[in-house]
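Participant: Each chain, written out:
Protein chains: 2
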Amino acid sequence: MFELLATIGKTRRGRLTLPHGVVETPCFMPIATKGAVKTLSSADVESLGASVLLSNTYHLLLRPGMDGMKKLGGLHSLMNWDRPILTDSGGYQVFSLAKLNKTTEDGVTFQSHIDGKRIHLTPELSMQMQQVIGSDIMMQFDDVAAGDSTRERYEEAMERSLRWAARCKKEFSNTQSLNHSTTQSLFAIVQGGTHEDLRQRSLEGLLDIGFDGYAIGGLSVGEKREDAYRIAEFVCDRLPTDKPRYFMGGGMPEEIVHYVSIGVDMFDCVIPTRNARHGTLFVWNQDPSTIDFTLTTNYQLPIPPFYRKLNITAEPSQFDTGPIDPFCDCLTCKTTSRAYLRHLFSVGEMLAMRLATIHNLRFYLRLMEALRASVVE
Amino acid sequence: MFELLATIGKTRRGRLTLPHGVVETPCFMPIATKGAVKTLSSADVESLGASVLLSNTYHLLLRPGMDGMKKLGGLHSLMNWDRPILTDSGGYQVFSLAKLNKTTEDGVTFQSHIDGKRIHLTPELSMQMQQVIGSDIMMQFDDVAAGDSTRERYEEAMERSLRWAARCKKEFSNTQSLNHSTTQSLFAIVQGGTHEDLRQRSLEGLLDIGFDGYAIGGLSVGEKREDAYRIAEFVCDRLPTDKPRYFMGGGMPEEIVHYVSIGVDMFDCVIPTRNARHGTLFVWNQDPSTIDFTLTTNYQLPIPPFYRKLNITAEPSQFDTGPIDPFCDCLTCKTTSRAYLRHLFSVGEMLAMRLATIHNLRFYLRLMEALRASVVE
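Protein chains in written order, with the working numbering: chain A, 5 to 381; chain B, 5 to 381.
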């Protein structure tokens, strides 16, 4: 399922072979929270060069629900998207979105943030829902500690996540043996906050159970960037080389570059899409194929910085009839001037968000292309 | 500029040759109020087969404003749209949208509905703004009477609109002689509510001044459909055959069919786009090329009805994995099931509005294609 094609130092160039297709790594997964990347159609996302999407089990469990999704034949069919999908487990969303969530050893009871309906989400239910969704990669259900938790809470959450990982693996094996038509994969999530010893314990426990891939969870939640870098490298250094590694929920382009340099294979992040909807665009400072990524320092942008952020709603773009990004090959840059995009944001046209989303996602996907090319060279 | 290619009864098949291209009539103009058809890019609108857009002088006068539009080089350049554009004059919007509008013989003073800024819009300013926008067809500035006005108010508005039409023509001739690079056209607007004698007086006055085309204004504003049909036919019967006729702001598909049958050439309407954004889709009951439009009755749908309205957000679409409209050739119908479109509306994804807009606009544009084909046969 995972093939390591080349390495330079800790940087890895790999290939994931999944039921719905091949994913070249390092890869970036656009987020289709409710079954669509906000503002984009599946055809749009495909044409941007995305080879895998992420979708959120929590949101799909609320609407269309497990029975609904069953009748609809799964998410690939619903979205008309025939490339791979990774689903998270719902653990992070019941913690961050749901009202009145209450965690016991069995699972999390929460109220839907939509209609207040009470739902009890367990490791088993998360597996079942992800199986109904039909994602290529399922994530284990985990107990998520807040970013500023005490060591005791981190330890509790990590230990419980380990026990839930075992329950997920068991439920996963049961459902997989019932369903011979697809072969889903199951990834575990390494937890433990910024504590090396807790991360070590999490790692060992998960490796004992054995998963198809391993995610680094609980980072990009407000901790210092140097702490995230330290913990991510600590974890990567101890993960098996023959399994894919997924950094959850990060980050800025220079962070992606750094995490790739320490051996991460997969990313997802709301940064490109959320920034786009607020008029902040990522713009190349040079042709991405000419970037020397080895110039990166540990906690900073590479020198010289390879990109900048453009606030398109600000004054200077008002009469700038030039392209948004001369180095970009996206549909938006081919057809839209800075002045027009600014005008669309200024008058509140939805089209503005779509055009900006197309650009920012293409920026991230092209960054991954450049990073992949840099390993082969 | 206008060529009458064929007629059957009162129905006309024509061709408008404008600075930015040829428009086959009868035609439908999608509405790009603020410089974009809501949710769509210019490339989208082009790919739907629209050959001419309508944009609103009032909105563009507020943002980007006259100086802004000048610096931006006009609307074609701003939107990256190289096909014809018709602009309305702002008369209807100062009446319907602006706050505290006050009409004198000189013009209308109003407060912007955006920021409360006070603006004095005159026939001359409307012409100047439309010239800066660079539309292929400019509309005269008119005094708009509410749909339920007294005869006295209709008469006053009609007479003032006549005087303003003369001022528009004069200002238009001045600006056109200053600008040799393009040749804009100027259309007049026949007013007079549902009173034949006022319409007659309006017609005669406007024909005396002489314009490139004539619009039927002040209908589709709440009057009975039979009154609108009666007045539209009264006006069409008295308009010169060698000039294009534009019915402003209407209507439902069966109304379009009827107005075409009495000799209207051009239409614009918010119905397809606004309905789309609320989840109401127009669906063919048969292949549009097989519709016999002569079966139309005066105030009703043709028998059998050639379309129906589908409320995609309603229950029956929930698990309907079939296409939205089997007879439609649009991008949405090619890629999206009813169930997915319903899901997108139900979870509040903007993509839903875009997909529905694409479908409904294609429905209207294809109706025009079918109507044009029916005249040649």
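Treat the hints with caution; some may be incorrect.
Any copy will do: because identical chains look the same in the list, a pair fits if it lies in one copy or spans two.
[Stated by the list, open to error] In the SDA-like style, the derived pairs of lysine to any residue whose C-alpha atoms are separated by at most 25 Å in a straight line are:
1. K121 x P320
2. K14 x N178
3. K42 x M354
4. K74 x K338
Bear in mind the hints are in silico, worked out from the structure with no lab data behind them.
Participant: Taking the hints in turn, state whether each one holds.
Facilitator: Status of the hints after comparison with the structure:
Taking the closest pair of Cα atoms, K121 and P320 come within 25 Å of each other only across two copies (23 Å); inside a single copy the shortest separation is 48 Å, beyond that limit. In this homomeric assembly, K14 and N178 never come within 25 Å of each other (Cα to Cα): the closest approach is 36 Å inside a single copy and 72 Å across copies. Within a single copy, K42 and M354 get their C-alpha atoms as close as 11 Å, and across copies as close as 7 Å, so both meet the 25 Å cut-off. In this assembly of identical chains, K74 and K338 lie within 25 Å of each other by CA distance solely across copies; the values are 23 Å between and 40 Å within a copy.
Hint 2 from the list above is the single one not met by this structure.
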